[in-house]
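Visitor: These are the residues of each chain, in order.
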Amino acid sequence: MAGRRPLARIVLALLVASVVVWSLAPYVWTIFTSLKTERELYQFPVTYWPKAPSLINYVNVFTQNPFGRFLLNSVIVTLSSTALCLFIASLAAYAFARLRFKGREVLLVGLLVVAMIPLITVIVPLYILVRGLGLLNSYAGLIAPYVTYSLPVAIFILTAFFREIPHELEEAALIDGCTRLNALWRIIAPLAAPGLITAGIIVFVYTWNEFLVALTLTSTNAARTITVGIALYRGEFAFPWGVITAAVTLATIPIMVLILLGQRLVIKGLTAGAIKG
Amino acid sequence: MAARAVVRTGAGRRAIRRILGGQLTEGELAALLLLPCFLFLATFAVYPIFNALWTSLHTLRLDQPHVGFPFVGLRNFGRAFGDANAWHSIGVTLRYTVVTVAAQFTLGLAIALVINKMVRGRGLVRAAALLPWTMAPVLAGQMWRWLFNDQAGVINDLMHRAGLTSQQIIWLGSPALAFFAVTVAATWGAASYMALILLAGLQGIPEELYESASLDGASPFRAFTAVTLPLLRNAIMVSLVLRTLGALQALDLPFAMTAGGPGNATETFALFIYKNTFEFLDFGYGATLSVMLVVIALAFAGTYYKVLASRD
Chain A
1 MAGRRPLARI VLALLVASVV VWSLAPYVWT IFTSLKTERE LYQFPVTYWP KAPSLINYVN
61 VFTQNPFGRF LLNSVIVTLS STALCLFIAS LAAYAFARLR FKGREVLLVG LLVVAMIPLI
121 TVIVPLYILV RGLGLLNSYA GLIAPYVTYS LPVAIFILTA FFREIPHELE EAALIDGCTR
181 LNALWRIIAP LAAPGLITAG IIVFVYTWNE FLVALTLTST NAARTITVGI ALYRGEFAFP
241 WGVITAAVTL ATIPIMVLIL LGQRLVIKGL TAGAIKG
Chain B
1 MAARAVVRTG AGRRAIRRIL GGQLTEGELA ALLLLPCFLF LATFAVYPIF NALWTSLHTL
61 RLDQPHVGFP FVGLRNFGRA FGDANAWHSI GVTLRYTVVT VAAQFTLGLA IALVINKMVR
121 GRGLVRAAAL LPWTMAPVLA GQMWRWLFND QAGVINDLMH RAGLTSQQII WLGSPALAFF
181 AVTVAATWGA ASYMALILLA GLQGIPEELY ESASLDGASP FRAFTAVTLP LLRNAIMVSL
241 VLRTLGALQA LDLPFAMTAG GPGNATETFA LFIYKNTFEF LDFGYGATLS VMLVVIALAF
301 AGTYYKVLAS RD
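Here the protein sequences come in this chain order: A and B. Just so we're aligned, residue 1 is where the first sequence starts under my numbering, counting upward by one. Just so we're aligned, residue 1 is where the second sequence starts under my numbering, counting upward by one.
In isolation and in its complexed conformation, chain A is listed as follows (with noise of 0.2 Å):
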């Protein structure tokens, strides 16, 4: 349709055109600022490409800072929650996109009800859930919340996902003597892939993103997560702001990976959940 009139299509350019800077310009300049020396940071005029680009903010990263213990800290709970999320999630989404079970219904509907519960509300009795379990400051400690909260999206997708898988293969295998158990493992979990990958990546964002929990259940840096290190740093002097950006750059990067890998995944993902949740 746009592609007749060249004017339509200058038009149609500029707006794809201002969607991207809109996007992608304040990544630009952080990452721009990480990679400028403390001096030239506030020089003035302003400069925008870096006059000497330096890596020592990514030096000063890991070697005067425990980001790199904050980062370590981010990819064990963020792995380890997902695999996890994701292991009892399909579970539960093969008993829900297959199954007849009384109380169906109700399950579903609290699902919803925990998915919408605001963090903050019930943060004052996970903290002191968690403290009584003694897993304050452990990796453990944020995990089991983590995966907790991810669960309903998780299972949302993956049941839409599984919902799409032929009932004839399974009952195929049924048939042929399989068990219900050996059926979901052979059959629909390699049929799931890209279920999987897609609730995995989603499931990955939101935890590694996560901030209220892990400042609450955390107070040292045993098990501290790189968005609260990143959110409490302070300075000595002035706000170190080329330290902070490359902190930033480094710790949106995994992510940024994920998602340019499996955007298509990603989206469907997005839809799905949300509308079918």
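Incorrect hints may appear among the rest.
[As the list claims (entries may be wrong)] Here are some of the chain A residues that sit facing chain B, going by a computed Cβ distance under 7 Å:
| # | residue |
| --- | --- |
| 1 | LEU14 |
| 2 | LEU15 |
| 3 | VAL16 |
| 4 | VAL19 |
| 5 | LEU24 |
| 6 | LEU41 |
| 7 | VAL46 |
| 8 | TRP49 |
| 9 | THR121 |
| 10 | TRP241 |
| 11 | THR252 |
| 12 | ILE259 |
| 13 | LEU260 |
| 14 | GLN263 |
Hint data in this document are derived by calculation from the structure and do not stem from the laboratory. Just so you know, these numbers come straight off a predicted model, no measurement behind them. Think of the CB as a built atom: it goes at the ideal place given N, C-alpha and C, for glycine as much as any other residue.
Given chain A's structure and the hints, the job is docking chain B onto it.
Guide: Frame of chain A, contents of chain B only:
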């Protein structure tokens, strides 16, 4: 240990043989598959929700352990109703929600329409639009704090170069400007998310409907209001509900960008609850406020649901 003891008994062995041998009824299998999920939700979600309700009816101060955990009925709620700071932060949250959701929706719809019109390179632009959503709000808050920096910020520099301003604007130092800056950051973070949900809806509208509309002599604007908007209703509702629930509990972004300041100009209700709980250690009052937040969220969700149901 307990599990092993059960296995050793005859009943346990029989049960395991039935599970592995596939002799379970559908209901039993469902219960088995749902058990891990149920345990996590019961322990870390359902119990905390009821515990928050229960705590909201008590006094619980971590800085005064000798006070104990006395039942005070609805006294905490009475205190909240008379607390000017609580009302102020509820006001901030409501303004924040209305402004950001409206801006995210308008911009998101515009982005979705633009991407939908593209012929080539759609995937790349969609990926670019997806990126703001993937950035942690708390990190986006740090980033925007730097963009809005008064001395070395790019926003002041661009405005200066464009000849719009003659001196540096101290964005985060005045209540109105700080509120504006936070809403800009929030809009950036979620407009693209809205756009992608709306785009999925747009792609589900059959092309023939537009063709017959233009054969009937409808202008593009008329086609938009008569075809696009009504068919997009579900996607619009879903995206509005999700973003509204998100905005009502906004905490990360203002925490990182302004910490609620200057004064308490950008102190959202969630941030106010956080401060009462973890800075003043008033767990009972914090629980009361957080129960009020749930009520506000439910009121919004209920209103959306009514609007949606009434048009069917």
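Visitor: None of the hints should be skipped; say for each whether it holds.
Guide: Results of checking the hints against the structure:
Using the Cβ-Cβ criterion of 7 Å, the hint placing LEU14 of chain A at the interface with chain B is not satisfied: the shortest such distance is roughly 10 Å. Here the hint on LEU15 of chain A is kept, as its CB sits about 5 Å from the closest CB of chain B, short of 7 Å. For VAL16 of chain A, the suggested interface contact is upheld, since its CB lies about 6 Å from the closest CB of chain B, less than 7 Å. Because the smallest distance between the Cβ of VAL19 of chain A and any Cβ of chain B comes to about 5 Å, under 7 Å, the interface hint for this residue holds.
Interface hint status for LEU24 of chain A: upheld, as the beta-carbon distance to the closest one in chain B is roughly 6 Å, under 7 Å. Here the hint on LEU41 of chain A is kept, as its CB sits about 6 Å from the closest CB of chain B, short of 7 Å. Of the supplied interface hints, the one on VAL46 of chain A holds, with its beta-carbon coming within about 4 Å of a beta-carbon of chain B, less than 7 Å. With its C-beta approaching chain B no nearer than about 13 Å, TRP49 of chain A sits outside the 7 Å limit, and its interface hint is violated.
Interface hint status for THR121 of chain A: upheld, as the beta-carbon distance to the closest one in chain B is roughly 4 Å, under 7 Å. Evaluation of the TRP241 of chain A hint against chain B yields a held restraint, the C-beta minimum of about 6 Å falling below 7 Å. Look at THR252 of chain A: its Cβ gets to within about 6 Å of chain B, closer than 7 Å, so that hint holds up. Interface hint at ILE259 of chain A: satisfied, since its Cβ lies 5 Å from the closest Cβ of chain B, which is below the 7 Å cut-off.
Interface restraint check for LEU260 of chain A: the shortest CB-CB distance to chain B comes to about 6 Å, inside 7 Å, so the restraint holds. Checking GLN263 of chain A against chain B by beta carbon gives a least distance of about 5 Å; that is within 7 Å, so the hint holds.
Hints 1 and 8, counting from the list given before, are not met by this structure.
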